[in-house]
Amino acid sequence: MLPVAFFFVAVIYSAVGFGGGSTYIALLALSGQPAELIPLVALPCNILVVSLGSYFAVNRRDFDWRMAIPFLASSVPMAFLGGIIPIDERFYFLVLGSSLTLAGVSLCIRRAPDESIVGAKSWRLAAIIGGGLGLLSGMVGIGGGIFLAPILHYLRWASSKTIAALCSFFILINSFSGLAGQLLKSGADEAFLQVMSALPLLGAVLLGGVIGGRFVIEGVAHQRVAQLTGALVLLVGLRILWTWTPYGLI
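Residue numbers (the working numbering): 1 to 250.
Source of the hints: derived by calculation from the structure; they are not laboratory data. Keep in mind the model is a prediction, meaning the values are calculated, not measured. Any given hint could turn out to be false.
Computed Cβ-Cβ distance ranges for the label pairs, DEER-style [to be verified]: (1) R66 to I87: 20 to 30 Å; (2) M196 to V4: 18 to 28 Å; (3) I211 to L235: 23 to 33 Å; (4) D88 to K121: 38 to 48 Å; (5) T243 to F192: 28 to 38 Å; (6) V105 to G203: 24 to 34 Å.
Don't be surprised by glycine CBs; every beta carbon is placed ideally from N, CA and C.
Let's have the full structure, built from the sequences with the hints guiding it.
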């Protein structure tokens, strides 16, 4: 059932400008996949889904290169570093569970921003945010856009369309960088075998991304989709933490 689930996740997330990495990871974790496999599957899925959305965003000129530079400049090397860092299975799932829990909460409580108010931009703060999210992206296989979007909405640095465009490109670039680090850590041969075994999942998200990318969900519908997916991600994150904390292991 994983390919079917991945297909529907890709349709929904591509329609709202995300890659779906957090939910792919949640599904893989629920299915009992080993820690070393999860990023090698989730990151290519992210890349396939957000590639089309990033292309459309740049062509529609929703993308703000000036605002994106500090985020990308700091996040790309940190995502690569996160991918290289060797971590044991328990630590990986603790970081993953915490990440999914935070992502789920951010989606559940997300509110439509007042776009009449614009906050002052800070390149230094943008670089710090980008670096932190990049490191997390490379370590666990999440593109980072699911965290970047609520942060930018809170800071009121841009319109919703510009934020969605930046997050889509942010996910794409950091997924490539994090995947490169993961490949270097795992070894090309092992990584190739893992990715080949996940071809049905990659095909499912490619099809779902193409279908979902033709639609744009906004307004109330966007909020409902975010809250429903956030609830799923939150529950999986809490379950992972329960399983891998010392209390859960008793």
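Mind listing which of the numbered hints don't hold for this structure, in increasing order? Structure breaks hint 1 only.
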